[in-house]
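Trainee: Protein chains in written order, with the working numbering: chain R, 1 to 204; chain A, 1 to 204.
There's no promise every hint is true.
[Stated by the list, open to error] Only pairs whose alpha carbons sit at most 25 Å apart, straight line, appear in this in silico DSS-like list of lysine-lysine:
id, chain 1, residue 1, chain 2, residue 2
1, R, 66, A, 86
2, A, 66, A, 86
3, R, 175, A, 66
[Stated by the list, open to error] If you want a taste of the chain A side facing chain R, the calculated C-beta under 7 Å gives, among others:
id, residue
4, 24
5, 25
6, 26
7, 39
8, 133
9, 159
10, 176
11, 179
12, 190
13, 200
14, 203
[What the hints assert, rightly or not] A few chain R residues facing chain A, derived, Cβ under 7 Å:
id, residue
15, 26
16, 28
17, 134
18, 161
19, 162
20, 163
21, 165
22, 169
23, 176
24, 179
25, 190
It is worth saying that the hints were derived from the structure and are not from the lab.
Only a predicted model underlies this, so the values are computations on that prediction, with no experimental measurement involved.
The C-beta atom is built at its ideal place from N, Cα and C for all residues, glycine as well.
There are 2 protein chains.
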Amino acid sequence: MSTTENTEPTARRRGRRPAGQDTRTALIDAARAVFAETGYDGATVRAIATRAGVDAAMVNHWFGSKEGLFAQAVLELPFDPMELQKALRQGPDDELAERIVRTFVTRWDTAGGGQFVALIRSITGHEQAGHVLRDFFQRFFSAVITSIGADRTALRMNLCATQMVGLGMVRYVAKFEPLATEEVEVLVRAIAPNLQRYLTGEIG
Amino acid sequence: MSTTENTEPTARRRGRRPAGQDTRTALIDAARAVFAETGYDGATVRAIATRAGVDAAMVNHWFGSKEGLFAQAVLELPFDPMELQKALRQGPDDELAERIVRTFVTRWDTAGGGQFVALIRSITGHEQAGHVLRDFFQRFFSAVITSIGADRTALRMNLCATQMVGLGMVRYVAKFEPLATEEVEVLVRAIAPNLQRYLTGEIG
């Protein structure tokens, strides 16, 4: 065994492998297969762990949750979306959009935008990935919007997605200037008021 | 020769081919090659026509302009962008965003969204296509924004692109519901105020 043993208390039940990063990689591979076969809601942590040949506790250990595993295996996001959601909900409701724009752009920038390109490729290449992304966005933004009591949650969620997906496309994929190299806070001031209207404003 | 002869007065100079739809197809193939090699600004109508083996007048005959050829050959848009720009500029400035959202969605819908998917695939697959799209958006929105006298034209154009590209992604590629099947006028009421802010409002 290895020095990662202490951080994986249950891995030994399955024998000598996979351990450490091997476990993580095996879970990501298994998750991609299971999510593609059964969709987000049909996929269980148990099924993914079984496919990977590891204990189900490894999912929580490495990814925090099924959402976290999904975010990294399928969406290739560089962060745990549920942890992000909690962070975003701390603060005044009328500054929620500022926090969303600032946090997403900062994290996407840190990852170099590569994940965003991969995400868009996966959406355009596979019908299933579109459904999976929709489910995820629905889950993520619905929780945020419902918490501030706005009506028409589903449409508002979709509108938020148009702005955030479009922002990612222009900054990381098409790389329009000056937006692609603009300071984060310039983007926050320019874009947050529009996103805030989609979250809580009058939308017709 | 064929019955298309009357619509192509100069094609005969080059001999018996290509005629009619063959000319159009040859120009599109040639345009894709030339735009990819030299970029939008470097590509000349003459170079494209020469590559296609037809007279340069055929570009105007079939596509109206270099922009029109580019829109159909590279962006695969179902309309001539310069004609669209003229139409959009007719009416009150403070309703410009409504006209843009209504016109783009109506035309994209008519085309079934297929061109939009192809466009996104081409952007994510080829660095050059990103440059070419940026040049096109810059040209298109700059002319509209400059005509209404707003400052920070380049950033405003980029911001407009985030909204319109994101709208297309969510409606045609990822197909989020309810937005994917929502009535056009619902989208106009929801999205146009945001686009109008990017065009003429305070952006920080």
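Trainee: Determine for every hint whether it applies to the structure shown.
Mentor: Verification of the hints:
no.: 1; hint: R:66 <-> A:86; in the structure: violated, 51 Å
no.: 2; hint: A:66 <-> A:86; in the structure: holds, 16 Å
no.: 3; hint: R:175 <-> A:66; in the structure: holds, 23 Å
no.: 4; hint: 24; in the structure: violated, 27 Å
no.: 5; hint: 25; in the structure: violated, 25 Å
no.: 6; hint: 26; in the structure: violated, 28 Å
no.: 7; hint: 39; in the structure: violated, 14 Å
no.: 8; hint: 133; in the structure: holds, 6 Å
no.: 9; hint: 159; in the structure: holds, 6 Å
no.: 10; hint: 176; in the structure: holds, 5 Å
no.: 11; hint: 179; in the structure: holds, 4 Å
no.: 12; hint: 190; in the structure: holds, 4 Å
no.: 13; hint: 200; in the structure: violated, 13 Å
no.: 14; hint: 203; in the structure: holds, 5 Å
no.: 15; hint: 26; in the structure: violated, 28 Å
no.: 16; hint: 28; in the structure: violated, 22 Å
no.: 17; hint: 134; in the structure: holds, 5 Å
no.: 18; hint: 161; in the structure: holds, 5 Å
no.: 19; hint: 162; in the structure: holds, 4 Å
no.: 20; hint: 163; in the structure: holds, 6 Å
no.: 21; hint: 165; in the structure: holds, 5 Å
no.: 22; hint: 169; in the structure: holds, 5 Å
no.: 23; hint: 176; in the structure: holds, 5 Å
no.: 24; hint: 179; in the structure: holds, 4 Å
no.: 25; hint: 190; in the structure: holds, 5 Å
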